[in-house]
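Engineer: Sequence:
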Amino acid sequence: MEGYYQQDEMIPELEKKLGKSRRKIEFVESFGPIPEVLEDDMDYNEFELQKLVQGFLDGTLKSTTERPPEFERARKMAHDKLGGKIKNQMAKLRPFYFRRDGIMRLPVGLRLKIEEIERGMNIHLLQRSLTP
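According to this note's numbering, the sequence shown is numbered sequentially starting from 1.
Calculated from the structure, these hints are not laboratory results.
Possibly wrong hints are sitting among the right ones.
[Unchecked claim] Cross-link-like lysine to aspartate or glutamate pairs, in silico, EDC-like; alpha carbons within 16 Å at most:
1) 76 / 13
2) 87 / 26
3) 51 / 66
4) 76 / 48
5) 85 / 58
6) 76 / 46
7) 51 / 36
8) 87 / 9
9) 62 / 72
10) 85 / 15
11) 92 / 9
12) 81 / 36
13) 76 / 26
14) 76 / 29
15) 92 / 13
16) 81 / 9
17) 20 / 58
[As the list claims (entries may be wrong)] The calculated label-pair distances, taken between Cβ atoms and stated as ranges, are:
18) 59 / 91: 16 to 26 Å
19) 124 / 10: 41 to 51 Å
20) 46 / 12: 16 to 26 Å
21) 121 / 35: 43 to 53 Å
22) 121 / 84: 35 to 45 Å
23) 13 / 47: 25 to 35 Å
24) 123 / 93: 32 to 42 Å
25) 125 / 88: 36 to 46 Å
26) 34 / 88: 39 to 49 Å
27) 121 / 38: 49 to 59 Å
28) 31 / 126: 30 to 40 Å
29) 30 / 124: 50 to 60 Å
Every residue, glycine too, gets a C-beta built ideally from N, C-alpha and C.
All chains, full assembly: derive it from the sequences and hints.
Structural biologist: Here's what the structure looks like:
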């Protein structure tokens, strides 16, 4: 039980980090749709690319009208990193919310299997009650 208390102390900090990550990804998405695939051109400056990605991740990049050729690639890379970070933070928070709310969310396949077993049990009980 002690482990839960130690983990629960981290929850406000994790929620704060999650909020910051969500604001950062919203900023990245505010420039328009994120391209699924980027053409592999080697005409970009690696230093500028990393600087832009870091600016997106730190939240220090300002929205300007100037967009260097590395901008879209940096935006995609930052979006992918932030998306992974958000998923990781949600995975850490999910057990706390389950314990707190008492809600257990099952995958669809498992839920369907449980419903199938319950129906089978109901049919069996119904059949037993109808036979003399």
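Engineer: Take the hints in turn and mark each one as holding or not.
Structural biologist: For each hint, the structure was consulted:
Among the hinted pairs, residue 76 with residue 13 is inconsistent with the structure: their alpha-carbon atoms are about 27 Å apart, more than 16 Å. For the suggested pair residue 87 and residue 26, the alpha carbons sit about 15 Å apart, so the restraint of at most 16 Å is met. For the hint pairing residue 51 with residue 66, the CA-to-CA distance comes to about 15 Å; that is within 16 Å, so the pair holds. For the suggested pair residue 76 and residue 48, the alpha carbons sit about 14 Å apart, so the restraint of at most 16 Å is met.
A C-alpha spacing of about 13 Å is found between residue 85 and residue 58, which places the hinted pair at or below 16 Å, so the restraint holds. A C-alpha spacing of about 14 Å is found between residue 76 and residue 46, which places the hinted pair at or below 16 Å, so the restraint holds. With a C-alpha separation of about 22 Å, the suggested pairing of residue 51 with residue 36 is violated against the 16 Å cut-off. For the given pair, residue 87 sits about 20 Å from residue 9 by alpha-carbon distance, which is inconsistent with the 16 Å threshold.
This hinted pair checks out: residue 62 and residue 72 have alpha carbons roughly 15 Å apart, not beyond 16 Å. Among the hinted pairs, residue 85 with residue 15 is consistent with the structure: their alpha-carbon atoms are about 12 Å apart, no more than 16 Å. This hinted pair checks out: residue 92 and residue 9 have alpha carbons roughly 13 Å apart, not beyond 16 Å. This hinted pair checks out: residue 81 and residue 36 have alpha carbons roughly 14 Å apart, not beyond 16 Å.
As the CA atoms of residue 76 and residue 26 are separated by approximately 13 Å, the hinted pair is consistent with the 16 Å bound. Using a Cα cut-off of 16 Å, the hinted pair residue 76 and residue 29 holds, with the two alpha carbons roughly 9 Å apart. About 11 Å separates the Cα atoms of residue 92 and residue 13, which keeps this hinted pair within 16 Å; it holds. For the hint linking residue 81 to residue 9, the alpha-carbon distance of about 26 Å lies beyond 16 Å, and the restraint is violated.
Proximity of residue 20 to residue 58 is assessed by CA-CA distance (about 10 Å); at most 16 Å being required, the pair is judged to hold. Our hint of 16 to 26 Å for residue 59 and residue 91 holds, since their Cβ atoms are close to 22 Å apart. Taking 41 to 51 Å as the suggested C-beta distance range, the pair residue 124 and residue 10 conforms, at roughly 47 Å. Evaluation of the 16 to 26 Å hint for residue 46 and residue 12 yields a failure: the beta carbon distance comes to about 38 Å.
For residue 121 paired with residue 35, a C-beta distance near 51 Å keeps the hint of 43 to 53 Å intact. Taking the beta carbon of each, residue 121 and residue 84 are about 42 Å apart, inside 35 to 45 Å as hinted. As the Cβ distance of residue 13 to residue 47 is approximately 33 Å, the hint placing it in 25 to 35 Å holds. The supplied range of 32 to 42 Å is met by residue 123 and residue 93, whose beta-carbon atoms lie about 40 Å from each other.
Checked against the given bound of 36 to 46 Å, the beta carbons of residue 125 and residue 88, roughly 45 Å apart, stay inside it. A hinted range of 39 to 49 Å for the beta carbons of residue 34 and residue 88 is inconsistent with their spacing of about 19 Å. At about 53 Å, the beta-carbon gap between residue 121 and residue 38 stays in the expected band of 49 to 59 Å. Roughly 60 Å separates the CB atoms of residue 31 and residue 126, a value that falls outside the hinted 30 to 40 Å.
Between residue 30 and residue 124 the beta carbon distance is about 57 Å. The supplied range of 50 to 60 Å therefore holds.
Consistency with the previously given hints fails for numbers 1, 7, 8, 16, 20, 26, 28, ordered from lowest to highest.
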